[in-house]
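Note that the protein sequences, when read in sequence, are chains A and B. If you're matching positions, the first sequence starts at 1 in the UniProt record's numbering and goes up one per residue. If you're matching positions, the second sequence starts at 1 in the UniProt record's numbering and goes up one per residue.
Please note: incorrect hints may appear among the correct ones.
[Unchecked claim] In the EDC-like style, the derived pairs of lysine to aspartate or glutamate whose C-alpha atoms are separated by at most 16 Å in a straight line are:
(1) Lys62(B) - Asp29(B)
(2) Lys270(A) - Glu240(A)
(3) Lys28(B) - Asp131(A)
(4) Lys22(A) - Glu131(B)
(5) Lys15(A) - Asp33(A)
(6) Lys28(B) - Asp129(A)
(7) Lys219(A) - Glu269(A)
(8) Lys28(B) - Asp128(A)
[Unchecked claim] A few chain A residues that face chain B, going by a derived Cβ cut-off under 10 Å, partial list only:
(9) Asp119
(10) Ser121
(11) Glu123
(12) Phe127
(13) Asn164
(14) Lys165
[Stated by the list, open to error] Across the chosen pairs, the derived CB separations fall in these ranges:
(15) Gly35(B) - Glu151(A): 26 to 32 Å
(16) Met241(A) - Gln61(B): 19 to 25 Å
(17) Asp79(B) - Tyr104(A): 21 to 27 Å
To be clear, the hints were calculated from the coordinates, so they are not data collected in a lab. A virtual CB, placed ideally from N, CA and C, is assigned to each residue, including glycine.
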Amino acid sequence: MSYVGNEIKKLGLMKAYDFLDKDPEANLPKLVDWFDDYVGDDVLPTQRELFRSIVTEKNSNWYRLLVSLWSDIDDEVRKTLFENLIINANALAAPKAKASREKYGCNIPWAISMGLGDDGSGECMTFDDWDNVIMQAKELGTFMFIFEGGEPLDFQEEIIALCNKHYDCEFMIFTEGTKITEEFADEMLRVKNLIVSVQVVGTGEDKKLIESAEILRRKKLPYAAFCFYDEKNQENFANEMYFDVMIENGVKLCLLFSSMEEDGDLVYEKIKEYRKTKPVVTINFCKDKDIIGGCVAGGKYFCSIDPKGNVEPCFFIHETDTNLKKSTLLEALQAPLFMKYHDEEVPCNAEM
Amino acid sequence: MSLLTEKALAASLKKLLEKKTLDKITVKDITDDCGVNRQTFYYHFHDVYDLVEWIFVQQAQKYMYDEINTKNWREVISDIMEGLLEDKAFIMNAYYSLNRRQLEQFMQKLARPAILDLVVKAADGRNIRQEDIDFVADIFTFGLVGILTEWVAGGMDPIIKDKMDKFFVIVDGTLEITLDKFSR
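Let's have the full structure, built from the sequences with the hints guiding it.
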C-alpha cells in the first residue's frame, strides 16, 4: 500500500482508538466489528478470533484484563501502545513484511532482539549501529524490537535514545529488574513506547520483581514478566500461586520460555487451564502454536542479534553466518542459515 | 530540570541556521557543532523538527506565568512579536524550510498558552465548560497565528506591528461577549 494510503488508514485507526477511549466498555465490541471490515484478512487471523470472544464475554478473565488496561495504564502510554503495536507493528507492518517476503524470497521477522553489551573490545554494536539496523528493519516491515543481553538496563541512555528516535516502533526490555529507577520510569513515560519485562524465578526471590514493579505500577506503566523453566524448576511456575502473585502485582503479560517436550511440561498444562480463568496473557515459547504459530526462529517471526552484531536465529541458538557490522539485515535474512528456516522445518536445538 | 543539553543543542541549531536552511541541517551537523554524539541528541529529540518545536515551546513559556495577570492582549501579542523579531533569522529560516502548515503548528504552540491564560482569566466568574474554554482559546489562537504567519511570510516587517491594531479592535470586548455566549 502506498504511503498516503497508510497515513489515511492510520488516521482512521487512531480515530477508532479515540472512540474506544471515550467509553471502552460500551465501544469495544463495536470496534471489533469495524476492525474486521477495515483491515485485511491476513492481519492476525487467529488472534482476532480470540479477541472477538474476549469482548463478547463480559465476565471473562480476558474482559477483566482488557478493562484493567484503562484503569492501570497511563492514557498516553496506552494510546502509543495501540498506535505502535496494533497499527504500526501489525496492521501496517503485516502487508509491508508480506511484500518484502515475496520480493526478497526470505523470512521477515515480526520482532528483532538486540543484545546490548560492551566488553571494551570496541567491537560491540553502538547506538549508531543499532539505529541503522532499526532503520533497515522498518524498511522491510519490522516495527517491534527487544532489548536483551547481560543486563540491558546498563545501557539506559542508549535504550531511551533508540525508543525516542523510533517513536513509531514498540520496544520491550528483558531485564532482571533491579535497575529500574524512578528516573528511568519517568523516561519511559516520556518516550511511551517501551515495555519492561522482568525476569522471575517463581520463588520468594521474586521480591525484586515486586519492588521494581511498584515503581512501574505507580507510574501506570505496563509491564510483563518472563521466566525460563526446565524439568528441575517447572514446579515453581506450574502452580496457581505463581500466577496469582503475578496478577496481584499488575503483570499483564507472562512470557515463558522452555525447551521441554510438550509431554511432561506441567507449566504448559497449567497455562492452558489458567487461560480460561486468569486475567493475564501467557505466551509459551514455542509451544503455543495457536498464538505464535510454533517455532518463531530464523526470522519467521523473530531473530536475535548479539552485542557484536552477529545475527542468530533465536535467543537460544548461537549459530550465525552474518555480521551486521559488515552486512545488511537483508543479507543476513537471505544468508544460508536463515534460508534453511525459510525453506524447511528446522528441528529445535535451543539451549536455555 | 536544567535542560542544559537541550539548550546547547538549540544554540547549535540556531548557529547553523545562520549558514544553511533547516532542511539541509542534519542531526550530525548539530551534534558535531555541539560536541556530543547522536545518541545524546536522540535521547532528547525525535529529529531536527522536534528540536525546532522544542524551541517554540520554550519560547512560549516566556509569555506565560510572568506577570500574566497584569498583561492584556496588546502586551502579550506585542511581546510575542518582539520575541519573534529577536529570533528573526531562525524564524525566517524555519518559514522557508517548513511548509506553511508546519510553521502554523509551531506558531500555535508559541501563542496558545498565553492566549489560554487570557481566556481563562476572562472566563473567571462565568460558568463555562473546559472544552468550551479550549474552543474559544483555539479560535483566538487561529486568528492570531494566521496574522502572525502572514507577517512572517511578508518578511517580518517591524513596522507592520501597527497593523495589529485592527486585530485588537476585533479582540477588544469580543472575548467577553464570546464567553458570555458559552456561559451556562
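Tested hints:
no. : hint                             : in the structure
1   : Lys62(B) - Asp29(B)              : violated, 28 Å
2   : Lys270(A) - Glu240(A)            : holds, 8 Å
3   : Lys28(B) - Asp131(A)             : holds, 13 Å
4   : Lys22(A) - Glu131(B)             : holds, 15 Å
5   : Lys15(A) - Asp33(A)              : holds, 15 Å
6   : Lys28(B) - Asp129(A)             : holds, 14 Å
7   : Lys219(A) - Glu269(A)            : violated, 34 Å
8   : Lys28(B) - Asp128(A)             : holds, 11 Å
9   : Asp119                           : violated, 19 Å
10  : Ser121                           : violated, 19 Å
11  : Glu123                           : violated, 18 Å
12  : Phe127                           : holds, 4 Å
13  : Asn164                           : holds, 6 Å
14  : Lys165                           : holds, 4 Å
15  : Gly35(B) - Glu151(A): 26 to 32 Å : holds, 29 Å
16  : Met241(A) - Gln61(B): 19 to 25 Å : violated, 51 Å
17  : Asp79(B) - Tyr104(A): 21 to 27 Å : violated, 57 Å
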